[in-house]
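S.K.: Chain residues, written in single-letter form:
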Amino acid sequence: MIDQSPALILLAPFLLAILLALLGIKREWLCFPLVIAGLAISVAASVVTLLRVIDEGTIQYFFGGWEPPFGINLRVDGLNALVALAVSTVSLLTAIYSKRAVPAETSDKVSQFYTLYLLSVTGLLGIVLTGDAFNLYVLIEISALTSYALIGMGSRRATLAAYKYLIMGTIGASFYLLGVGYLYIKTGSLNMYDIQEQIVANNLHGSPSIFVAFVVIIVGVWIKMAFFPLHSWLPNSYAYGPSTTSALLGPLVTKVMIYVMIRMILTVFGPEFAFDQLDWSNIIVWMSVIAILAASISALAQASLQKILAFLIIAEVGYMVGGVWLADKMGMIGSIYHIIADAFMTLCVFLFAGIIFTKTGRHDISAMEGLFTKMPLTMVGFLVGAFSLIGIPPTAGFFSKWYLIQGGISSGHYEYVAALLISSLINAVIFFRIIEIAYFGSKPAEGHGYHHNEEQKDGTMEASFSMLFPLLITAAVLLGIGLYNQEVVEIITNFVSQFNIGAIIL
Amino acid sequence: MELLEALSTKFNYWIYIIIMMIGLYAMISKNNLVKKLIGMSIFQTAIILFYVSIGVKEGATIPILYHDQVHPSHGYSHHKADTGHIEDHHPSHEEIVANLLIEPDDFGNPLPHVLMLTAIVVGVATLGVGLALTQKIYRDFGSIEESEILESIKSAK
Amino acid sequence: MPSSLTSFTPVLATLVSLLAVLPIVLLGKRPNLREGATFLAAFIKFGLVVSMLPTILAGSTIEFTVWKIVPNLAIAFRVDGLGMLFGLVASSLWIVTSLYSIGYMRGLKEHSQTRFFTFFAISLSATIGVAFAANLFTLYLFYEMLSLATYPLVTHHQDKEARTGGRTYLTYLLSTSIGFVLPALIFVYVKTGSNMEFSNSGFLSGHITASEALILLLLFAFGFAKSGLMPFHSWLPGAMVAPTPVSALLHAVAVVKVGVFCILRVFTGVFGTDYLQDLDIATVVAWIAAFTVVVSSLIALTQDNLKRRLAFSTVGQLSYIILGAALLSDRAVTGSMTHIAMHAVGKITLFMCAGAIFVATGKKYISQMDGLGRKMPITFAAFSIGALSVIGLPPTGGLISKFYLVTGAMDADQTALLVIFLISTILNAAYLLPIGYRAFFPKDAQLANQPFSWKTTEEANWQCITPLSITAVLAILLFIKPQFLLQLAGLMVGTNG
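Chains as they are written, first to last, in the numbering used here: chain A, 1 to 506; chain B, 1 to 157; chain C, 1 to 497.
Treat the hints as calculated values from the structure; they're not laboratory data. For glycine and all other residues, C-beta sits at the position ideal for the given N, C-alpha and C. Take the hints with a grain of salt, since some may be wrong.
[As the list claims (entries may be wrong)] Sample of chain C residues at the chain A side, in silico, Cβ under 8 angstroms:
| id | residue |
| --- | --- |
| 1 | Pro71 |
| 2 | Arg163 |
| 3 | Leu170 |
| 4 | Ile186 |
| 5 | Tyr189 |
| 6 | Phe403 |
[To be verified] Heads up, simulated DSSO-like pairs for lysine-lysine below, C-alpha to C-alpha not over 27 angstroms straight-line:
| id | chain 1 | residue 1 | chain 2 | residue 2 |
| --- | --- | --- | --- | --- |
| 7 | A | Lys186 | B | Lys57 |
| 8 | C | Lys364 | C | Lys375 |
| 9 | A | Lys109 | B | Lys136 |
With the hints as constraints, model all of the structure from the sequences given.
M.R.: Written out as structure tokens, the structure is:
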């Protein structure tokens, strides 16, 4: 059983998705328990896999016993074991949240929603775990196709947003596919590790095909991760979709695509090629600086909470792309740590936004009026997420900034450091504006000496347990991976130190 | 330019790029949502074409082995079959491989073609989802012209 | 040789008020028990701090490493002379202020008192955490915690004014700490190979170039904006919208002193005075501080709102401390460390008097206070003593620290800065003394001729009066017995000359 753990991460949600599609339509009450069961197994399997990776190092899993380069394999190392755990945990927490939200928002399509939900998670987990470049494409499309549908179940505008996402997503994925084709021409292999071996063995670094493959793959992945200025599909998709969809896709899709980028750079092409030979660090770090600033400023201009969060995701993507292209070991560690941290902090604020929407039916930030007295526990959860996005210790967000800034300083990219700090400050402005509204109300009482009654707490309208629980767990996770960041970083460091990053710093 | 040279010697790349750009153009600049989807299909087909073309070799045939190739007429293993020896009278896998008379140049590369079966399925599914979304948009907004839809969103505000 | 002990006491001293949050929240409906919990925590905290005093005076330090948080960097506590000095001041004054808060909050029937006492306790934890931090990282952690925990206190009234004040407060404190201190912190971490432990001689020497050192120094000096160094001072008058106990404890003692404490730590523990002397860059900070001293004193003169005047006075006094540290001579540094305590005691008295006046009469403006001394003799007597201490006149503790500062300036051959000290002392006298004087001897002849009688006094409730009397007496006691403070400060400068 333990040997099968990597496959189980994927298969549990996949098989249950099929089961759900068959059983769920007639028996709607079955949907929720099945989803939870599938994802719980997935989380458990991820934990087991992560522990095995820490213990044994890289795990290979061959489907049907066929060994690569002929067979399809899952290959789990420190990087994707961590990301897989984050993905499965986030999707489980979102699933718990969805208990009331899904029947409320998509009442006539509960079983369809959950089927797609599980398939989408399967796709995302597959992307993270697979060791095959072409399967990666198929899995990207599985997660993408399901997410178009998941978004399209939202309001009127969500359908249009989903359509645009479909167009952009297809372009991105097709570019990736094209790149894989070029890689195949030169190396005759689709297995990521085999491709790398072939490139090194045949000394293909100078080959124009490899160069084209790299460019096309990176651009494709950038589109999928909404790297500014290729981000236009994201804000509306996440802002108008059902709240469960936003809480699932918002934290995961961009992060998983960043994982793909890192995997491509480190494992497939090799850091020597991506960083030393191409020497694009300066340009791309500057691009990420612009991405961070532009997205943060756009976030500042939004009035709807979901839109703010959507733009913050785009800014965070800038953090990670920049961090990777610092071509510095600390920057890489910071980016990978940030994948995990950002998944949870985005989840935290999206769950909060979902709760607010369920409670008030509104998206604009003035809906948050007086929430500290009405929903104190929800606000505690939100505060942790907000502090993490701002980067206040000891939340996870602080430490990811810590490592990223460290990378920026040691690689001499001070513009990146400045962008991170400015974006932190903008986040602080954004969130304290919300906190202020929640604390004072949108129209504060005039003058001094205005006193509330001591017995104000009577008007509490705390969210239901199934919504509050995942929010508070996420907040706890944020503090946990903040305080115990060393353990997480150790796994990442072990992974990153296999590669020769930042060896040549002029 | 090494890159240009590599491309000019192989015209199939040029063709797929041209088709791809036509598709991309339609996806980006067309106002009609269905036309955009048609563009998307063209775009994906170009990539399929690219893959198919890299698997092709001049004068090669489909990658199926004929009986002669696997069991050459003067193979040594058949003779001992009647003597009742317990030794294995069927050739092992390794022996067959060793005796194969296969030239890689005689066969087209099947793998890219197989991959494209999957890609076609993905493409069809994408198109299906896209059309479904378009239908829903038409139901919600009463139009599939992007500019009209944006107009109606604006006026709804 | 200074030895070091390992003990859990500093952690406990930090956490005790954080732990007190639970009973305070749970007992929210029963005010007397709730305040009991506050007092209990305050006394335990003070007791724990005092229990470490003999060890520190004997020349040892107490250390405790909680756990490693990033590679080579731990959340760690270390109590030394300076930390002890600050810890003593903050924890002892918490007891006094707790009593005062009860009088003030109940006297004015303020709302959400549970929230008030909760965040007060959290703030105190953060303050002591800063005092006992063993490295820059731990220091920063508690520094940020303090900024956030004090926000609900500053904006306690939840009205428009509080909103504006609170916004200024957070804007200044967060933008400086994230914008300046954090990058400086990480820069130090990267450059020194991740060693950030404070030591008496600093640890930066040899790791950075002179120009980097200057930038770092400025980043730290401005980044710890709680110290009110101009031009990042305007949060302090803005924060005066808070209820007076908050102003008293936090904006005369805890928050602002945390700011200067951090700067002192950076000067002595991170750079080391010798290294700064070699680089000759501290004079930049000294002149910024000197500028702040004079300008803020001048602004204070023009303020009619008593709390605002005190706030600007605080800005100036804080810069004294920074100025003393930037002079780098042993006596000046000693003076600036002792001034933390002296000014705290003096200023808290003044703030509590301002609050007592507001509770009893509802008056906030100095111009309304003519002749008020006859109605509130105890309050104004205490006020005068506090004023003397802040100005630095006998018989109060302020004289001691000012004496050290002035002689320190002479040691450092900074005659120009010496003149600044003298000018500002005159200015201090000019904006503080008239208040007390006019209260007892009003210009208005009718008021002046009224016969005084104890029966006609209208003092605030006893919970307000007792604490301010205690601190006034304390200010005088520190004049008579300043030795242990000087000894603690001496521990910090003794080793390097």
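S.K.: Next step is simple, just say for each hint if it's right about the structure.
M.R.: Tested hints:
With 8 angstroms as the threshold, the beta carbon of C/Pro71 comes within range of chain A, its nearest partner Cβ sitting at about 7 angstroms, so the hint holds. Against a cut-off of 8 angstroms between C-beta atoms, the interface hint on C/Arg163 holds, since the closest Cβ of chain A lies about 5 angstroms away. Using the Cβ-Cβ criterion of 8 angstroms, the hint placing C/Leu170 at the interface with chain A is satisfied: the shortest such distance is roughly 6 angstroms. Look at C/Ile186: its Cβ gets to within about 5 angstroms of chain A, closer than 8 angstroms, so that hint holds up.
A least Cβ separation of about 7 angstroms between C/Tyr189 and chain A falls short of the 8 angstroms threshold, and the interface hint therefore holds. Hint status for C/Phe403: violated, given a least beta-carbon distance of 40 angstroms to chain A, over 8 angstroms. Taken as a hint, the A/Lys186 and B/Lys57 pair is honoured in the structure, with Cα atoms around 15 angstroms apart against an allowance of 27 angstroms. Pair hint C/Lys364 plus C/Lys375 holds up; C-alpha atoms about 16 angstroms apart against a cutoff of 27 angstroms.
As the CA atoms of A/Lys109 and B/Lys136 are separated by approximately 15 angstroms, the hinted pair is consistent with the 27 angstroms bound.
Violated hint: 6 only; the structure is consistent with all others.
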